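Chemist: Make a model of the complete structure from these sequences and hints.
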Amino acid sequence: MSELTELTVQNPVEEFLRMDRIPHIWCPGCGIGTSVNSFAHALIDAKIDTRNVAIVSGIGCTGRVAGYVKQDSFHTTHGRAIPFATGLKLANPKLNVVVYSGDGDLFAIGGNHLIHAARRNVDLKVICINNLIYAMTGGQTGPTTPNDVITSTNPYGTFDASFNLPYLVEAAGAVYVARWTAFHVRQLARSIQEMFAKKGFSFIEVLSPCPTLYQRRNKMGDGLDTMKFYKEVSKIRNGAATKDVALTKSGEITVGKFVDRERSDYRDLLHDRLLDSLGDDYVETEACTCQ
Amino acid sequence: MHADPAGVMTGTHFLDGDHACCEGALAAGARFSSGYPITPSTEVVERFAARVPTVGGTFIQMEDELAASIALQGAVWGGAKAFTVTSGPGFSLMMEHIGLAVMTETPCVFVDVQRGGPSTGLPTLPAQADMMQVRWGSHGDYEVIAVCPNSPQECFDLTITAFNYAEQYRCPVFVMMDEVVGHMTEKVVIPPPEQIEVTPRRYTTLPPDEFLAFKPGDDLVPDMPRTGEGYNVHVTGLTHDERGYPDMTPATQDKLVRRLQDKIKKNVDKITLYEAEQIEGAEVVVVSYGITSRVAQRAIELARNKGVKVGKFRLITAWPFPEKQIAEIAAKVKALVVVELNLGQMVREVERAAAGKAPVRFVGHAGGSVHRPEDILQAIMEVAR
Ligand SMILES: Cc1ncc(C[n+]2csc(CCOP(=O)(O)OP(=O)(O)O)c2C)c(N)n1
Ligand code: SF4
Ligand SMILES: [Mg+2]
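Top line first, the protein sequences correspond to chains A and B. Residues in the first sequence are numbered from 1 upward in steps of one, following this note's numbering. Residues in the second sequence are numbered from 292 upward in steps of one, following this note's numbering.
Any given hint might turn out to be false.
What the hints assert, rightly or not - One-sided excerpt, in silico: chain B residues whose CB lies under 7 Å from chain A: (1) Ala358; (2) Trp368; (3) Ala371; (4) Arg492; (5) Gly519; (6) Asn523.
Because the hints were derived from the structure by calculation, they are not lab data. The model shown is predicted, which means the values in this text are computed figures rather than measured ones. Glycine included, every Cβ here is placed at the ideal spot set by N, Cα and C.
Modeler: In structure tokens:
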């Protein structure tokens, strides 16, 4: 009987999940769900009013996160989560706007939006699940796919350079940049929590297995093997120079918090500018909401 | 509800259509716009950028039209009334997000100040060649509402109408201007706020545990939640059920997409706006819209001076198309003349509605200038014979 009682105890993260949508669509061994677990723990620990947390996703396996978290959540179009989130945040600044999306979504089709939001320092919290592949569409090459990898559209192997995401995002202006893997669940949760305390464009890359379309095709095993691989090759180097943290197919994975700096965010800059130029004519508002 | 006085520049002004459109948006309660510069539309957002900080709101210039056309939808879900403004090339980039607004029932306004196309075409010269694009440009089945102002005054008035329709029917609404209407300067009378009717957002009064985000009311339109108030709504461009949850089955698809169409189709009589003049007893009726209707007016008067009984039918809403009205007219006249600044777009709708009951003569060209009244006159005289 005691076993049964234990089983009925609710997992604390359930409060933040749409349990009426479980089972989810993600494959066994996929890292996306693991990251959502860390996200939910971060929400618990951040001690913020979670009613004000809105999630915006693009399209992809990761894009489905918006549909499983019990928050106001927006599943937008491929690549455009960031501009949607920008509008949401600027119109209703009390919201904590989290963008949760995939590597292809954020850095290929949505790459332009990402660098501009970082440049403007819009107060968004971006979580990028980097499974090194376009998963939802069947395992095509993406902008983060390393060299010498077999994908469905590079059947003879990839050969062109891939993005080093932390380096790119730092250069574009982000105030917070970190990388973890799906193995680093606690560190990831802590990082997400830190991001909630940060004002400005913040970015966490989460290296995540896609056993179905990446690891298996490249004879790198299943989800568990990938966790072992992450454990083996990851090195925590907080403060590492982002130019040195590029990923390769099987080399070291540098993880940690790389950037944590202060810079006025878009809204503060806008506010100061308008106040300065318009003086008494400037009408400040808490939000642009209509009645 | 009356307009918020903060946004209403009551008085008699001398404004171009672009600026009048901006004033219409402010009067309607728009407090957010995301744009990307493109001739001949930029003046709308330039004015908005200058005006909105003085009434309490935000303008942001985005990195492209893909961003502009979705940032405003984020703002709408954040609680703002919002719009974006563009012209042909930018409008082409916005197509995917028209579909998103339709599917997520996001009330918002797109202004397209039309110029000559295809491609970069005629950046500084007029056309009315995006009329089918606005109707059909995004993938999938859907209905839209599109209004066609023919003067700066109407740029003001119809932009308010567009916002009101967007809130009423929860769909994207389009203000289809053109370069000439956008850049011509005329008298614009802006009434006092208490004379401007503004449709408020349909916020739900239900508590979160009783609210289903996409369950429609009797008019087929669902009420909206307020973001950040514990409703935990899910909004997706995927086919979804009344909870807003993805449900990709033919049955849910059919139910949803039909409702999205029907909420407009079944209200056509309430939405349709047109101007009809001397239709009774007319031999010929000239159908036009936007700037072209101003030129057609001259041709109509010239023909009347020559003794031809000419009626005028001006589309104010191009979409939904006033099918019933055109069918009735076609049953009574010798011929219809359709004038537009393209090589044949709305004329197809007129032909469809006329259904062979009257011949339809098309007068159009590929854009770059307005028509010559003589060309329209000639068509009227020929069909009247
Ligand atoms: C405009 C557009 N182009 C292409 C697609 C098809 N598509 C869906 S998801 C996806 C890639 C997703 O890759 P990523 O962002 O890495 O997400 P993952 O599935 O790997 O989590 C693509 C190309 C689309 N939905 N929309
Ligand atoms: S295809 Fe890959 S990324 Fe998508 S759910 Fe399966 S394992 Fe995860
Ligand atoms: Mg991916």
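Chemist: Can you verify the interface hint for B:Ala358: is its Cβ closer than 7 Å to any Cβ in chain A?
Modeler: It holds, given that the least Cβ distance between B:Ala358 and chain A is near 4 Å, below 7 Å.
Chemist: Against chain A, with CB atoms and a cut of 7 Å, does the hint on B:Gly519 hold up?
Modeler: At about 5 Å, which falls below the 7 Å cut-off, the nearest Cβ of chain A leaves the hint on B:Gly519 intact, so it holds.
Chemist: Given B:Trp368 was flagged as interface, is its beta-carbon under 7 Å from a beta-carbon of chain A?
Modeler: holds (6 Å)
Chemist: Regarding the hint that B:Asn523 lies at the interface with chain A, is the smallest CB-CB distance below 7 Å?
Modeler: holds (5 Å)
Chemist: May I ask you to test the interface hint for B:Ala371 with respect to chain A, counting a Cβ-Cβ separation under 7 Å as satisfied?
Modeler: holds (4 Å)
Chemist: Quick one, is the B:Arg492 hint okay against chain A at 7 Å, beta carbons?
Modeler: holds (6 Å)
Hint compliance for this structure: every hint is met.
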